[in-house]
Amino acid sequence: MSTWTSKVCALVAGSLLAACGAGVSVTRNAPMQVQLADGLIVAGARGWCVDQTTSKAREGGAVVVLGSCAAIANNALLPSPRIDGVVTISVETPASVAPPVRDVAAFLSTDQGRAALARDGRAESVELLEVAAQDDTIFLHALDTSGGPLNTGADYWRALFDIDGRFVSVSLAPNDPDQTSRAQSIAALDAQIDRLKAANAR
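Counting in this note's numbering, the sequence shown tops out at residue 1049, every number present.
In case anyone wonders, no lab produced these hints; they're calculated from the structure.
A hint or two may mislead.
To be verified - Taking lysine to any residue pairs in the SDA-like style, the calculated list, with each CA pair at most 20 Å apart, reads:
1) 1044 - 980
2) 1044 - 1028
3) 903 - 939
4) 1044 - 883
5) 903 - 929
6) 903 - 925
7) 1044 - 1010
8) 903 - 924
9) 1044 - 984
10) 1044 - 885
11) 1044 - 880
12) 903 - 919
13) 903 - 1013
14) 903 - 966
15) 903 - 922
16) 903 - 920
All figures in this text were calculated on a predicted structure; none of them were measured in a lab.
Based on the provided sequences and hints, a complete structural model is requested.
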């Protein structure tokens, strides 16, 4: 397995390992963002705050779980996102060369790629409903029929992209996917991508 495919596998599987490893450093009392050990800032879009109980550093990167600011703080005065659900952001250590997004999209459509996406590691557990490459970002819509923790929904959207040579995955698992449109899901991912890039602008 090549270096970049290994990193992609680790990245997409990393969101399932949020309960493992040491914690990350919250940069503000209100957990709207965290700063990783290498300086990368993971910040939530409006309405999304860090769930400190499940956000963890791990070998080779970190996993940051976001939920409704109002729900996490138990404060109705704080903002809530338009979609009721969970966002999981996985970050890998920098790679020497970032692969073309279309190569990554093609890899995720293989048995090996679908196995990496599955919570149980079995390719047959994942159905890829949509995979699209847009500029420097991959968007995918997947249905995972394997069992898993409550914060990883069976029906989810994911965006894969690069920030300063690091592979980044943003996964959105709506609590009610039947009531969440494709346009709403893409808009939520786009807003989160924009927030991450703005927080790390040099």
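Here's how the hints hold up against the structure:
no.	hint	verdict
1	1044 - 980	holds (18 Å)
2	1044 - 1028	violated (25 Å)
3	903 - 939	holds (13 Å)
4	1044 - 883	holds (15 Å)
5	903 - 929	violated (25 Å)
6	903 - 925	violated (24 Å)
7	1044 - 1010	holds (7 Å)
8	903 - 924	violated (27 Å)
9	1044 - 984	holds (12 Å)
10	1044 - 885	holds (16 Å)
11	1044 - 880	holds (13 Å)
12	903 - 919	holds (16 Å)
13	903 - 1013	holds (17 Å)
14	903 - 966	holds (18 Å)
15	903 - 922	violated (24 Å)
16	903 - 920	holds (19 Å)
The earlier numbered hints that this structure contradicts are 2, 5, 6, 8 and 15.
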